[in-house]
Amino acid sequence: MTAAAIEARGLGKDFRSIRALDQLDLDVREGEFFGLLGPNGAGKTTTVHLLATLLAPTRGTARVGGHDVARDDLAVRRVIGLVFQDTTLDRDLTVQENLRFAARLWNLPGRLAVPRIEALVRQFGLFERRADPVRTLSGGMRRAADLARGMLHEPRVLFLDEPTAGLDPRARRSLWDLIRRLRQASGLTVFLTTHYVEEAEPCDRVAVMDHGRLVALGTPADLKRTTGVGSLEEVFLARTGHPLAETGAG
Amino acid sequence: MRAVYGIVVRELVRFRRQRARVLASIGRPFVWLIFAGAGYAAVFAGRNEIDYRVYMAPGLLGMVVMFGALLAALSTVTDRDAGVLRMVLVAPIRRSTIALGKALGATVLGTTQAVVVAALLLPLVHLRPSLAGGLLAGLALVLSSLALGAVGLVLAASIRSLENFAGVMNFVVFPMLFLSGALYPVRHLGPVLRLVAYVNPLAYGVDLLKHALLGAWAGAGYGGELSPWLDVAALAGFAVAGLVAAAPLLAREGGVTRTAFRERV
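Line by line, the protein sequences are chains A and B. Position one of the first sequence corresponds to residue 0 (numbering that gives the first Met the number 0), numbered consecutively onward. Position one of the second sequence corresponds to residue 0 (numbering that gives the first Met the number 0), numbered consecutively onward.
It should be emphasised that the hints constitute simulated quantities derived from the structure, not laboratory data. Given the structure is predicted, the values throughout are model-derived calculations rather than measurements. The beta-carbon is built from N, C-alpha and C at its ideal position, and this holds for glycine as well. Fair warning: there could be bad hints in the mix.
Listing some non-contacts, in silico: residues in chain A with all C-beta distances to chain B over 10 Å [stated by the list, open to error]:
1) G65
2) R103
3) N106
4) R148
Sample of chain A residues facing chain B (criterion: CB under 7 Å; computed from the structure) [stated by the list, open to error]:
5) D71
6) L73
7) R77
8) D85
9) L104
10) Y195
So the derived label-pair ranges between C-beta atoms look like this [said to hold, decoys possible]:
11) A:G138 to B:Y4: 42 to 52 Å
12) A:E153 to B:V191: 35 to 45 Å
13) A:G109 to B:R193: 46 to 56 Å
14) A:I17 to B:S157: 16 to 26 Å
15) A:H241 to B:F177: 58 to 68 Å
16) B:S157 to A:D131: 34 to 44 Å
17) A:E29 to B:L22: 50 to 60 Å
18) B:L22 to A:P242: 21 to 31 Å
19) A:D131 to B:D80: 49 to 59 Å
20) B:V30 to A:A184: 49 to 59 Å
21) B:P190 to A:D131: 28 to 38 Å
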């Protein structure tokens, strides 16, 4: 049996009286490409933030890379990379300055950071723009720079929280190319949240989430077969009684 | 520590990019010197003890420190709005490290701006501090910047959005300036305002600057009003208290995952 990259046991979070995440039990294997599919407000971002130690759980426990999120948050943050829904880069700094800033935050010495930044900007197609302020970059390039920032410290688990939100189809495709190459190169575990069904299709396994609860979990093929439908879209509809897209408005 | 250094470097790079901010911070005290200085000097005239513009000099340096350090610390609000704070929060560093980095960034910015202004302002008003006075003034600038940076972090953590920024300017920055002894001696204030003045970190910074720069006029009642040791202790106290209070506030959940929260309501 392969080691678990992520283990959640009864993990839950309330915001005041709102139950954002009910009780999540989940295991993600080392090297797995795992998708969390659900409409906006389903609790996907809350799940990621709990696993990334940005939020303290209201109940339950979770381990990421073998470290407890509540007791050993620094160790968890050391082994994960996180790309948020919207950019976390400083728009006034250049791509390179942002990456150097991140390298220092992750305690990478210059002799390690400089060649790594150079390799990442080349790999991510940002070499020509590396000295330009992030503000002047297109949405797709910004997201690529965000991904470079998330990969700089060579994490074992990469969280992608709605990484393609707001990107045009071409930028979306090139981002997925990058992610595919990263996975092939390093055996990286990727935990993706999305409300786009087509982005969940290539995942090894998909968890379907609605109103803070898991409603289905399995390989895309298994989910379709056991539900007796032809697409993940229909899986969602069959398991929740409402379509994925329309609930996504709120 | 490398993360602290990284945070400080980012503050400096950002500042250098904002040319308007640089010019404003250097020019502001001279605007006060010309306009406020002219008016008050006329009121002061006839009491030949001190030229009001000389009297103002320590206060103006204090003002530069206040705007420089406080605004640098308040940039945490912008960091949160722009999402940059999340990059920092997801790094494997403690909240106290972030607070320290931000406060030291504010210290470097506040001190540097004040030193530049001092180099222009002091010759202009014919104020030539002794070597000891100059060193004490340097200490006062560093400590005041640190204290105001730390207090600014606590303020920044309590401000929900940039819209509240104007409120902070009106209800914090200006009272802080007027109740600092920068423009008139604190002892002339009524008991209530004087009490408020002594919970104002800038008051101790300006007082220490007066010890450093206006020693020659101390006999006439224009020097520092408190013991310089008290000034140093108070500034250090504000710095430590601010840092301790700011660290947990930085990670407050509303700030980190506001979108996640909003998405549910």
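Hint by hint, here is what the structure shows:
1. G65: About 15 Å separates A:G65 from the closest Cβ of chain B, which puts it past 10 Å; holds.
2. R103: 3 Å, violated
3. N106: Per Cβ check, A:N106 is inside 10 Å of chain B; nearest 5 Å; violated.
4. R148: A:R148 not clear of chain B: closest Cβ-Cβ about 7 Å, inside 10 Å.
5. D71: The hint is violated - A:D71 has no Cβ within 7 Å of chain B, the shortest such distance being about 11 Å.
6. L73: Holds: closest Cβ of chain B sits about 5 Å from A:L73, inside 7 Å.
7. R77: It holds, given that the least Cβ distance between A:R77 and chain B is near 4 Å, below 7 Å.
8. D85: Check passed: Cβ of A:D85 comes within 6 Å of chain B, closer than 7 Å.
9. L104: This hint holds: A:L104 lies near chain B, its Cβ roughly 4 Å from the closest one there, short of 7 Å.
10. Y195: 16 Å, violated
11. A:G138 to B:Y4: 42 to 52 Å: 31 Å, violated
12. A:E153 to B:V191: 35 to 45 Å: 59 Å, violated
13. A:G109 to B:R193: 46 to 56 Å: 51 Å, holds
14. A:I17 to B:S157: 16 to 26 Å: 23 Å, holds
15. A:H241 to B:F177: 58 to 68 Å: Once the Cβ atoms are compared, 60 Å apart, the range 58 to 68 Å for B:F177 and A:H241 holds.
16. B:S157 to A:D131: 34 to 44 Å: 35 Å, holds
17. A:E29 to B:L22: 50 to 60 Å: 54 Å, holds
18. B:L22 to A:P242: 21 to 31 Å: Cβ of B:L22 to Cβ of A:P242: about 56 Å, so the range 21 to 31 Å is violated.
19. A:D131 to B:D80: 49 to 59 Å: 22 Å, violated
20. B:V30 to A:A184: 49 to 59 Å: 58 Å, holds
21. B:P190 to A:D131: 28 to 38 Å: At roughly 58 Å between Cβ atoms, A:D131 and B:P190 fall outside 28 to 38 Å, so the hint is violated.
Hint compliance for this structure: hints 2, 3, 4, 5, 10, 11, 12, 18, 19, 21 are broken, all remaining hints hold.
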